[in-house]
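Chains A and B supply the protein sequences, listed in that same order. With this note's numbering, letter number 233 in the first sequence gets 236, and the count goes up by one each step, no holes. With this note's numbering, letter number 95 in the second sequence gets 134, and the count goes up by one each step, no holes.
Derived from the structure by calculation, the hints contain no laboratory data. One should not assume that every hint holds.
[Stated by the list, open to error] Residues from chain A shown here face chain B by an in silico Cβ test under 7 Å; the list is partial: (1) LEU57; (2) ARG78; (3) MET84; (4) PHE86; (5) ALA90; (6) PRO93; (7) HIS94; (8) PHE103; (9) LEU107.
[Claimed, not checked] Listed next, with one range per pair, are the computed distances between beta-carbon atoms: (10) ARG142(B) with ALA19(A): 16 to 26 Å; (11) SER129(A) with PHE159(B): 44 to 54 Å; (12) LEU57(B) with LEU107(A): 55 to 65 Å; (13) GLN176(A) with LEU56(B): 50 to 60 Å; (14) ALA19(A) with GLN202(B): 25 to 35 Å; (15) LEU50(B) with GLN176(A): 51 to 61 Å; (16) GLU127(A) with ARG46(B): 56 to 66 Å.
Given the structure is predicted, the values throughout are model-derived calculations rather than measurements. Ideal placement from N, C-alpha and C gives every residue a C-beta, glycine not left out.
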Amino acid sequence: MADVQLKKVGKTYESASATTIDGLDLHIRSGEFVVLVGPSGCGKSTTLRMIAGLEEVSSGEIWIGERRVDELDPRERDIAMVFQNYALYPHMTVAQNMSFGLRLAKVDKAEIRRKVEEAAKLLEISTLLNRRPKQLSGGQRQRVAMGRAMVRDPAVFLFDEPLSNLDAKLRGQMRTEIRRLHKRLKATTVYVTHDQVEAMTLADRVVVLNNGKIEQQGTPQELYERPATRFVAGFIGSPSMNFLPAQVALDGGTLVLRLNNATLPSPADRRDALLPYVGKTVEVGLRPEHFLAGDGEPDLSVPVEMAELLGPTTLVHFTLAGVPCAAMLAPQHAHPEGSQQPLRIAHDRMSLFDPDTGGAI
Amino acid sequence: MRTTRIRRTALTLLIILLIIACFLAPYAWVVASSLKNQFTVFGDVTPLSWRAFVPVGATIENYVSLFERTNILRALLNTAIVATGQVVFTLLLCSMAAYALTRIKFPGANVVFMLILLTFLLPIEAMMVPLYQVVSGLGLSNTLVGIMIPWIASPFGLFLLKQAFEELPAELEDAARIDGAGHVRIFFSIVLPNVKVPMVTLGLITFLFCWNSFLWPLVIVQDPARQIIQVAIAQQGSPTQLPNWGETFAGATVATVPLILLFLILQKYFTQGMATSGIKG
Ligand SMILES: Nc1ncnc2c1ncn2[C@@H]1O[C@H](COP(=O)(O)OP(=O)(O)O)[C@@H](O)[C@H]1O
Ligand SMILES: [Mg+2]
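So here's chain A without its partners, still in its complex pose (with noise of 0.2 Å):
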């Protein structure tokens, strides 16, 4: 086990004009699980590869534990990577899939056999070691290249979007063994997908990127309670947030937030923040839970456009100030479509949005 360190790592390819990665800050903890997200492109591969040394840092450095690795080669930096295609040996069965990375270190093959076993047996694909990776599903694919990682007993684990080839179901149930490994080996996990709630499931700490740089990084909660960029705010949840024009105005010395008809005092934690703001139009991040019904004075009231029941909830698609809105409501207070739907708005919960910069008031 080891932490991780990059130091205003930087990368740029030599086919391609733009930067890929600018300038990266980053500290991975021992034993921490830090998931990379971030949608197609921009550049959770690449950051991946650079740690892996399968590619090569172009500007600052790499330490893994007390040693800068960023010269050596991947096989000197103590990691072990699955990827999103598995990368299996085809021509070779399960067990030599597992142990070949031990067979070149010439390791002792008594102890070979054990580690692999060990392995196979906590991946539960012991009666699968005699077979070769076309006779084997998506799912025991995966777990023959986890095992190939876990053999090495490396200081660090990668993953590159392992789950991405999986079906819904296998993905969900892969998610929960990977991170039952992470919490028994308790290895320091870097972990790629553009997938948020494989990030929000798995992580002790979140990394968002965007366009090459870190945009937020915390726990999954504080990322979905207080995203810092309206980027990030849209990224994570599903559904995802809704954003909504609103002005900031004083009304008889309140600050007010005027969102559609809908007069609503400001979150009592970000009044100073507003001040600047009075008089301007700000941007309003609500995610659909922040959407009421039941009890108390409603603050608006919008004409429900389809009513999706999910089972524990029912999702309310509407259009407010000329955005399509959701809301996630109990189903009995959740109205049926084409009736008028009341609405209150946990004001203190909601996010609010500088529009110029994006990022949070």
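Got chain A; can you put chain B with the ligands on it based on the hints?
For chain B with the ligands alone, coordinates are given in the frame of chain A:
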């Protein structure tokens, strides 16, 4: 309904049989003629009759004299040596060059590849004289090495294997690098085992090319003891005699046997390779 279907099947069968007959007829003629004496060989084709393909009153006299009078065994051995060497070196050289051109990014890689492919367009006949000068300049005329050396850097082989390497997922090599393998190890332990089918294909084509080559060995080798099979068959008669056609046909038949055996052996391997080489991306 049923009769039309039967009729259609019969027609298809007939067409297939006709095609097979077209392919087999020349071989049947060669084999049949090798079992005839000098006079009946031509008597049976002018005018053409079924006798051309059936040796009536067969004799193995041609084979006996072929093995007694000429050094065909020596020629067969020479051919086997040259063909095997050419296969081994072609596979080694082409696979390494193709791998370098596919996986190692360097400026001008495409230009290099295009230039190599361009040489593919030159007919062998056009290269005979300069090739002769170079090879004999190297002191390799009249040697077995001289027969194979111009052909082992095969642009066709490079092209074939480059396609195969491009289809191999690059992540396999990434995984191997992380597992601690260097370039050489990755090439031999990971890459080559996964391109068996194109390698066997190239090996077979190279073997055939060498086994049937005529013009170049004729040019570069003068010593009959160093000659390979196709030239040896053509040169078996002394220059003053009329060619003994029966013996020539016997030689051609003997020369074909190893090729047929090779195909039969590799065919089994081939179908197996086809069935098991599916790499899922
Ligand atoms: N080998 C490469 N050469 C040139 N550009 C590349 C290469 N690999 C990735 N890129 C570019 O770098 C950017 C980030 O890619 P990547 O790290 O794969 O994104 P992600 O994994 O987040 O989807 C993309 O714009 C991609 O086109
Ligand atoms: Mg990626």
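Hints, one by one, checked against the model:
A distance limit of 7 Å between C-beta atoms decides the matter here; for LEU57(A) the minimum to chain B is near 5 Å, and the interface restraint holds. For ARG78(A), the interface hint holds, the least distance from its beta-carbon to any beta-carbon of chain B being 4 Å, beneath 7 Å. The criterion of a C-beta within 7 Å of any C-beta in chain B is met by MET84(A), whose closest approach is roughly 5 Å, and the hint holds. The criterion of a C-beta within 7 Å of any C-beta in chain B is met by PHE86(A), whose closest approach is roughly 5 Å, and the hint holds.
A cut of 7 Å between beta carbons decides the hint on ALA90(A): the least distance to chain B is about 4 Å, and the hint holds. For PRO93(A), the interface hint holds, the least distance from its beta-carbon to any beta-carbon of chain B being 5 Å, beneath 7 Å. Because the smallest distance between the Cβ of HIS94(A) and any Cβ of chain B comes to about 4 Å, under 7 Å, the interface hint for this residue holds. Annotation: PHE103(A) was flagged as interfacial toward chain B, and the flag holds, the nearest CB pair being 5 Å apart, inside 7 Å.
About 4 Å separates the beta-carbon of LEU107(A) from the nearest beta-carbon of chain B, less than 7 Å, and the hint is met. Remark: the range hint 16 to 26 Å for ARG142(B) to ALA19(A) is upheld by a beta-carbon distance near 19 Å. SER129(A) and PHE159(B) have their C-beta atoms about 52 Å apart, which keeps the hinted 44 to 54 Å range intact. Our hint of 55 to 65 Å for LEU57(B) and LEU107(A) holds, since their Cβ atoms are close to 57 Å apart.
Distance hint check for GLN176(A) and LEU56(B): the Cβ-Cβ separation is about 57 Å, which falls inside the suggested range of 50 to 60 Å. For the pair ALA19(A) and GLN202(B), the supplied restraint of 25 to 35 Å holds, since their beta-carbon distance comes to about 26 Å. Separated by about 56 Å at the C-beta atoms, LEU50(B) and GLN176(A) satisfy the suggested range of 51 to 61 Å. Between GLU127(A) and ARG46(B) the beta carbons are some 59 Å apart, a value that agrees with the proposed interval 56 to 66 Å.
Of the hints listed earlier, there is not a single one the structure fails to meet.
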